[in-house]
Amino acid sequence: MINRRVFLKSSGLALVAGGLLPNVFVRMAQAGTPKGKRVLVAIFQRGAVDGLNVIVPYGEAQYYAARPTIAVPRPGSGEAAALDLDGFFGLHPAMASLIPYFKDRSAAFVHAVGSPDTTRSHFDAQDFMESGTPGVKSTEDGFLSRAVAAKKEANASPLRAVALSPALPRILSGNAGAVAMTNVGQFGIRAGEASGQIASSFESMYAEAVAGALGGTAKESFEAARILKNADPLKLQPENGATYPNNALGNSLKQIAQLIKSDVGLEVAFADVGGWDTHAGEGGAQGQLANNLRNFADAISAFAKDLGSRMGDVVLVTMSEFGRTVRENGNRGTDHGHANVMLVLGGGVKGGKVYSQWPGLAPERLFENRDLAVTTDFRDVFGELVTKQLSVASLKTVFPGYDTNPKKWRGILAA
Amino acid sequence: MKLRFLFVAISALLLAASASDSKLTERQRALHALNRLGFGARPGDIDRILKSGVDIWIDQQLHPEAIPDRAVEARLQQFETLRMSDAELIQKYYRPIVEARRNKDEQDRETMQMLRRSAQEVMTDLVGQRIIRAAQSDRQLNEVMVDFWMNHFNVFAGKGIDRFLLTSYERDTIRPHVWGRFEDLLMATAKSPAMLFYLDNARSVAAPENRLRGSGGVPAGLRRHRVTPPQLRRNPAATPQLSMLGGINENYARELMELHTLGVDGGYTQKDVTELARVLTGWSIARPEQGGGFVFRRGMHDVGAKTVLGARFPPGGGIEEGEKMIHILAHHPATAHHIAYKLAQRLVADEPPKALVDRVAKRFLDTDGDLRQTVKAVIDSPEFWDPHSYRAKVKSPFEYAISAVRAIDGQITDAMPIARELQKIGEPLYGAQPPTGYSDKAEAWVNTGALLNRLNFAVALAANKMPGVRSNVPSATNVDALAQSLTGGALTDETRKTIREQAGDQTESSTIVGLILGSPEFQKQ
Chain Z
0 MINRRVFLKS SGLALVAGGL LPNVFVRMAQ AGTPKGKRVL VAIFQRGAVD
50 GLNVIVPYGE AQYYAARPTI AVPRPGSGEA AALDLDGFFG LHPAMASLIP
100 YFKDRSAAFV HAVGSPDTTR SHFDAQDFME SGTPGVKSTE DGFLSRAVAA
150 KKEANASPLR AVALSPALPR ILSGNAGAVA MTNVGQFGIR AGEASGQIAS
200 SFESMYAEAV AGALGGTAKE SFEAARILKN ADPLKLQPEN GATYPNNALG
250 NSLKQIAQLI KSDVGLEVAF ADVGGWDTHA GEGGAQGQLA NNLRNFADAI
300 SAFAKDLGSR MGDVVLVTMS EFGRTVRENG NRGTDHGHAN VMLVLGGGVK
350 GGKVYSQWPG LAPERLFENR DLAVTTDFRD VFGELVTKQL SVASLKTVFP
400 GYDTNPKKWR GILAA
Chain A
0 MKLRFLFVAI SALLLAASAS DSKLTERQRA LHALNRLGFG ARPGDIDRIL
50 KSGVDIWIDQ QLHPEAIPDR AVEARLQQFE TLRMSDAELI QKYYRPIVEA
100 RRNKDEQDRE TMQMLRRSAQ EVMTDLVGQR IIRAAQSDRQ LNEVMVDFWM
150 NHFNVFAGKG IDRFLLTSYE RDTIRPHVWG RFEDLLMATA KSPAMLFYLD
200 NARSVAAPEN RLRGSGGVPA GLRRHRVTPP QLRRNPAATP QLSMLGGINE
250 NYARELMELH TLGVDGGYTQ KDVTELARVL TGWSIARPEQ GGGFVFRRGM
300 HDVGAKTVLG ARFPPGGGIE EGEKMIHILA HHPATAHHIA YKLAQRLVAD
350 EPPKALVDRV AKRFLDTDGD LRQTVKAVID SPEFWDPHSY RAKVKSPFEY
400 AISAVRAIDG QITDAMPIAR ELQKIGEPLY GAQPPTGYSD KAEAWVNTGA
450 LLNRLNFAVA LAANKMPGVR SNVPSATNVD ALAQSLTGGA LTDETRKTIR
500 EQAGDQTESS TIVGLILGSP EFQKQ
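Going line by line, the protein sequences match chains Z and A.
Okay, so the first sequence: first residue is 0 according to numbering that gives the first Met the number 0, each after it adds one.
Okay, so the second sequence: first residue is 0 according to numbering that gives the first Met the number 0, each after it adds one.
Do not rely on the hints blindly, as some may be mistaken.
[Said to hold, decoys possible] Lysine-lysine pairs mimicking DSSO-like chemistry, simulated, CA-CA at most 27 Å apart:
{"no.": "1", "chain 1": "Z", "residue 1": "Lys-136", "chain 2": "A", "residue 2": "Lys-496"}
{"no.": "2", "chain 1": "A", "residue 1": "Lys-353", "chain 2": "Z", "residue 2": "Lys-218"}
{"no.": "3", "chain 1": "Z", "residue 1": "Lys-395", "chain 2": "A", "residue 2": "Lys-440"}
{"no.": "4", "chain 1": "A", "residue 1": "Lys-341", "chain 2": "Z", "residue 2": "Lys-150"}
{"no.": "5", "chain 1": "A", "residue 1": "Lys-270", "chain 2": "Z", "residue 2": "Lys-136"}
{"no.": "6", "chain 1": "A", "residue 1": "Lys-158", "chain 2": "A", "residue 2": "Lys-353"}
{"no.": "7", "chain 1": "Z", "residue 1": "Lys-136", "chain 2": "A", "residue 2": "Lys-158"}
{"no.": "8", "chain 1": "A", "residue 1": "Lys-341", "chain 2": "Z", "residue 2": "Lys-151"}
{"no.": "9", "chain 1": "Z", "residue 1": "Lys-136", "chain 2": "A", "residue 2": "Lys-440"}
{"no.": "10", "chain 1": "Z", "residue 1": "Lys-136", "chain 2": "A", "residue 2": "Lys-190"}
{"no.": "11", "chain 1": "A", "residue 1": "Lys-158", "chain 2": "Z", "residue 2": "Lys-218"}
[To be verified] Which chain A residues face chain Z? A few, computed with CB under 7 Å, are given here:
{"no.": "12", "residue": "Gln-59"}
{"no.": "13", "residue": "Pro-63"}
{"no.": "14", "residue": "Leu-364"}
{"no.": "15", "residue": "Gly-448"}
{"no.": "16", "residue": "Glu-493"}
{"no.": "17", "residue": "Ser-518"}
To be clear, the hints were calculated from the coordinates, so they are not data collected in a lab.
All C-beta atoms, glycine included, are put in the ideal place defined by N, C-alpha and C.
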């Protein structure tokens, strides 16, 4: 096992900074803007992104041997080549917009990370990752919901946990009172000109004792709608010259930024993005996956740019249910695998680094002779983020039945 | 002080006594039956039921085969895929996609989009018939039980080829058995390609040393989803040995006991799960990529000795081992309790009284798992008719949406807009990912975004802005009359007063109808 702790040599900033200065967002935040609530933004890449083509282990000859037509070329071999991160790993060139954040040490990657459960079913693996209890199907709620619930707040905002999706995702279902919405501007009663009148009628009705348990939910709903209406987050246009790509994730992140900037009490936000199940015609430096990764990275970098100094309060993390086979298949694609890669970006991130206990790609090092092995449990990444970013005191209820010893954390966030 | 306390105590006692002694009126009984044993009342339904009597209506509902349902049957004729077999569906809708992938036509976006769109017809038809039947069939209790059992034996349409197997699953596996014996229903699901694929039993294969000599292992078409040996599940760090590759998949065996029969506290162990998985090896699908049916693959079966829940199987057994276990599980007291609990939870209360569950479980055991008798035991119970049960359960999104459509006597010309609303409110049909299916408890449905979506659904439906539903909203603007016609008198005085105050004189009837359908009372049944 090799612990990769090599910093990016080409980044002057990283060299000057040594390990002493906090990352750029923290410095920007310290420079003046008042601190808002800390926010954790989680993005689920549904369908299992091919992590080996996201963060390319170009230092491994095995990588190129296993992928004759879809490997991303080594850095320095032309324009369509991996962008060097640390002398061993390279970033997919379609994700170039994230390089500045890696260079100023606000972005980090975690490699060979995943769930210990060995299922290769998308739906089981997503379910386990969202419930936070791999192998246990009877868990009723999601781990982010439990994390929010574990963090007692006296006057918690009804908008403390928001999913940008039509239905509440598994990861946020539970007692945290999370809200699902697809459009922050349309949350509330929509009845044309009569909306206000109808909303107030419903509000009076649900205030009556007859509503019972529904009354509490209704109160939260109307309060959330009112807070959103007053904050009018839609008026907040992207700042700092940020341009969100016109795609689902760009749209979700733009709205999450609006929620953060309008101070509605957001603490956890969730969005998902599909299209990663590249069984055929995956492509290498260019092609199907490259196009998806460009959209993905551009949305995230626009988000960071838009928030600017406010990003000092925010940590964004990405996840995907499992990785894909090391070897390409007969259709120039990859099949369902095991370990994958995560991105962590934001204030407090000790970035400019690929965190990895790299298991290697030699055949005997592969999981079940075909996949990248998991050397970091995703719960150790989220355990650290939830503890440090959300100040959750105990992980016992967040990851029940799991040894949540901080010694296993990778130290991705400053305390 | 003392006197006042005494007075309060006495009136509290009197109140409690009057609540449990009092009985539902006949009108309330009719509405209760329509809500719990159906998807709500259409205008005039209560009076129609009262004409012959509530008990007669219930008796008819318990024998749906005797209820002519010609209008709905005729309506469903247009859904061509509902009459097709698995093989026909896969041949027509799935094979072309596979072929296009194989020929690398995938780069040709238009072709792929066209094929995918065409394949969606299968789900559109299936979702459509469920919505139309629930809203318009006269066999209301039958549709409630289909919903219950489809959910109990949940199969998720989003898993691989299951979206082509669900048509036959509902038509041939679930519907013919909802009024029969539980064992037959259980056996039918155990041998259905949809379930065998969904919970991976189709590719569960014995360890090599326990296979018949010279047998083949996992057949093509099942290989793509790799199997995970139990040794690796428990200890992911273990280095896999070649001999362990391909192996037992415990997925179905676990859910068979945890969800379908005994219940999570049904007294089985992890060893029982593993052993039952071994018993069920070989229960598979013939040519899954061509839509073949159930097949027992002797070559995949574990021929070693096994013990499950005390039942011993000597070496050399075959399919009869699994059939015996299904029989044992179907007649197990824990299963009777689990099924009784779930039925009582669906039909009576989120937390059903123990006495009721015990009584229903006894009926289940006494009648060899006769599901008609078991359901009848729930309906005949005093708990079902207790005033405390009346309008005490929150409707699931499906129940809510369909009951709203029925309340306005809506005619469905296109079910998909309703299906999309169900997704927004949180219960997409055939869309429950985990094998647990959807919850029958209020807390699962009552969350912030979902409630607003319900209210918006009500407003849009009443304003005739829900495409695909032609509403027959009365044009009257008298709040009391509308409330009576739409809810059978379920609205409280307070709610009617609120609506009257807010509505004023100028309000159109559609606004009032929207408020009624969105009211807290209408969220309940």
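Hints, verified against the model:
no. : hint                  : verdict
1   : Z/Lys-136 - A/Lys-496 : 47 Å, violated
2   : A/Lys-353 - Z/Lys-218 : 33 Å, violated
3   : Z/Lys-395 - A/Lys-440 : 26 Å, holds
4   : A/Lys-341 - Z/Lys-150 : 33 Å, violated
5   : A/Lys-270 - Z/Lys-136 : 18 Å, holds
6   : A/Lys-158 - A/Lys-353 : 37 Å, violated
7   : Z/Lys-136 - A/Lys-158 : 16 Å, holds
8   : A/Lys-341 - Z/Lys-151 : 34 Å, violated
9   : Z/Lys-136 - A/Lys-440 : 18 Å, holds
10  : Z/Lys-136 - A/Lys-190 : 23 Å, holds
11  : A/Lys-158 - Z/Lys-218 : 37 Å, violated
12  : Gln-59                : 33 Å, violated
13  : Pro-63                : 32 Å, violated
14  : Leu-364               : 25 Å, violated
15  : Gly-448               : 4 Å, holds
16  : Glu-493               : 5 Å, holds
17  : Ser-518               : 6 Å, holds
Of the numbered hints given earlier, the model fails hints 1, 2, 4, 6, 8, 11, 12, 13, 14; all others are met.
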